[in-house]
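Start from the sequences, fold in the hints, and give me the full structure.
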Amino acid sequence: MFTVKISRAALFAAFGLLSGSVSAQTAGQAAGCGGRDLQADTWVATDALGRTLPGYAECGPRKTNRTVAMFYFVTHNQNGAKDGPYNVTEILKADPVNPKWGGGVHYWGEPEAGYYIMKDEWIIRRHARMLSDAGVDLIVLDNTNDNIYKDVFVFIAEVFRKMRSEGETTPQIACLASQNSVQQLWDQIYSRGLYADLWFRWKGKPLLMFGQHIIGGRQQMDDVRFPKEIRDFFTIRQSWAWTTLRWYDDGHDEWPWVDHYPQSVGWHESPDRAEYVPVASAQHPLSNIGRSFRDGVEPEHDRYDATTDTDKGLYFDQQWQRALEVDPEFIFVTGWNEWTAGQMNRTNPDYAEEMKKWDFFPGAKCGKGGREVKMGEGYFIDQYNQEFSRDIEPMKGGHTDNYYYQLIANVRKYKGVAKPEPAGEPVTIDLNGGFDQWRQVKKTYYDHAGDTYHRDSPGNFAAGPYVNATGRNDIIESKVARDDKYVYFYVKTAQPLTPHTDPYWMLLFIDTDRQHATGWEGYDLLVNDGFRSGKSMVKTYDKTGWRKSREAAYRYQGNELMVSVPRSCFGPGKLAFDFHWADGIQKLGDIDEFLLNGDQAPSRRANYRYEED
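Heads up: the sequence shown is residues -24 to -1, 1 to 589, going by mature numbering (1 follows the signal peptide of the UniProt record, and there is no 0).
Read the hints as simulated data drawn from the structure, not as lab findings.
Where hints are given, some of them may not hold.
Pairs of lysine to any residue, SDA-like flavour, derived with a Cα cap of 25 Å [claimed, not checked]:
(1) Lys138 to Thr51
(2) Lys550 to Asp489
(3) Lys563 to Thr446
Each pair of labels, with its calculated beta carbon distance range [said to hold, decoys possible]:
(4) Gln297 to Asn156: 41 to 47 Å
(5) Glu276 to Arg543: 50 to 56 Å
(6) Ser525 to Gly549: 16 to 22 Å
Note that this is a predicted model, so its numbers are computed, not measured.
Cβ atoms here follow ideal geometry from the backbone N, Cα and C, with glycine treated the same way.
Here you go:
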């Protein structure tokens, strides 16, 4: 039996520090903590497959007692290596028959923002914003390999605190630990009260999930006994993979982080009151359950061990269907940013003996995508390639951010969304007048503060360094007004605006018909791409690019800008359009600019929506 050791001094210290805060919060916290409600659940977006996010009509109003957690990985800390990173997707592309594997850890693909390390503040800020925008309440750090990576924990926590001090929202933090790392977490974090403001609390106490591999020579989770002090301090839930394994009993206080469809339900008070359901984007190459697996079938693979459906998220969708049907208090999504897996080699000519290493995988086959590996051939356990990987964080190329927007869509269905505010009455804005005119326009669109933070960091292994200094004007608020002749736009930045002569300065993209199939990425108008004789250029998009069509009056002073666009540019009838501000992109015509460079309001592919009452 494994027992966690606690010193009396540490215990008194922890309860002394936390006695006022342990029971301060209950289950069902709002998405993250710390900042303004940007109402990101009202933003509209279309992904690379043409799928649009559901809105208020489909999702209904915001619901209480709904929590979403994201499995979050902290092991990308090998910067300074002479070799690597090794990318399975690129290796297979070069030679799928006799792939030239590197040594040790491989990436299944390249993250959208490069092969980053976990001490890259630009990355941690980016993750916090993206997850908060998606409605994720907490990240669950993977401490299952007997290491809590305290330096990374501290780094993430410090960045989160800094963001909150700037008015931003970040997720809370919990951990999924092994039996050994529970002791480390207690000794180094919880008993010391470190970052208690960031701890996620469930049922009034800090949440602790714990699990372990069920392999010969290791004790089962049921043999782990925590002392009363630990049981009193934490809300504890057992968590490991697959409810078909020995660790799982009947679901009472048992939270599998991955399970076959239809996923089993975790419960606390009563079996008929669902507390928890897991959702995963895929499983493992050993069990031949990839991103395209659905209704018990993994589609046929091409020579690169991918399918024609890899981009679509079929497995992810079916897992979400189950979760939405159950409608539990807590959904745990696997996962965000694992990216890597260790390469193994088949060393035993006896297939049955080789398989004994992995007999805890339900239906495991010692292969890659269902194929048995040959003697001496390399294979991967947790992640392999684009099809056999579980990351929702966007990738470079491939399915890009499809899974991220699929996550957002389903979180909205689970949690509901804010009801859009009405546009209000018509208002005429005099561009020769002051900016205080905009006080009468109540409807305000918000964007992240601090998302112009510059990047300068080494990459993982021999990648990098990564430098991005494109952040310039930090957009934080926007408004729209209208009368019979003009549509007026207002935008506010955190600091005084740079000169309008800067390249790609404060661009306003407008989707006048809300049809993604028309224009460039749906945008029919582009404002501020050029200035002449005191006027801003208004351009329309045709198949050959952006062409000047009109002029617009504009004015900026300090950290405020306003521009008036002729109403005739929007077509007849009531106004109903989407819009997006972009500053500091490096070129037109490439949607990747919205994903990586400058400042976007709102984030990434998203738009604000304006509808005349």
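Cross-check of the supplied hints:
1. A C-alpha spacing of about 22 Å is found between Lys138 and Thr51, which places the hinted pair at or below 25 Å, so the restraint holds.
2. Using a Cα cut-off of 25 Å, the hinted pair Lys550 and Asp489 holds, with the two alpha carbons roughly 11 Å apart.
3. Taking the CA atoms of Lys563 and Thr446, the gap is about 12 Å. The hint holds against a cut of 25 Å.
4. Distance hint check: the CB atoms of Gln297 and Asn156 are about 37 Å apart, inconsistent with the given range 41 to 47 Å.
5. At about 54 Å, the CB distance of Glu276 to Arg543 agrees with the hint of 50 to 56 Å.
6. One distance hint, 16 to 22 Å for the beta-carbon pair Ser525 and Gly549, holds here, with the actual separation near 20 Å.
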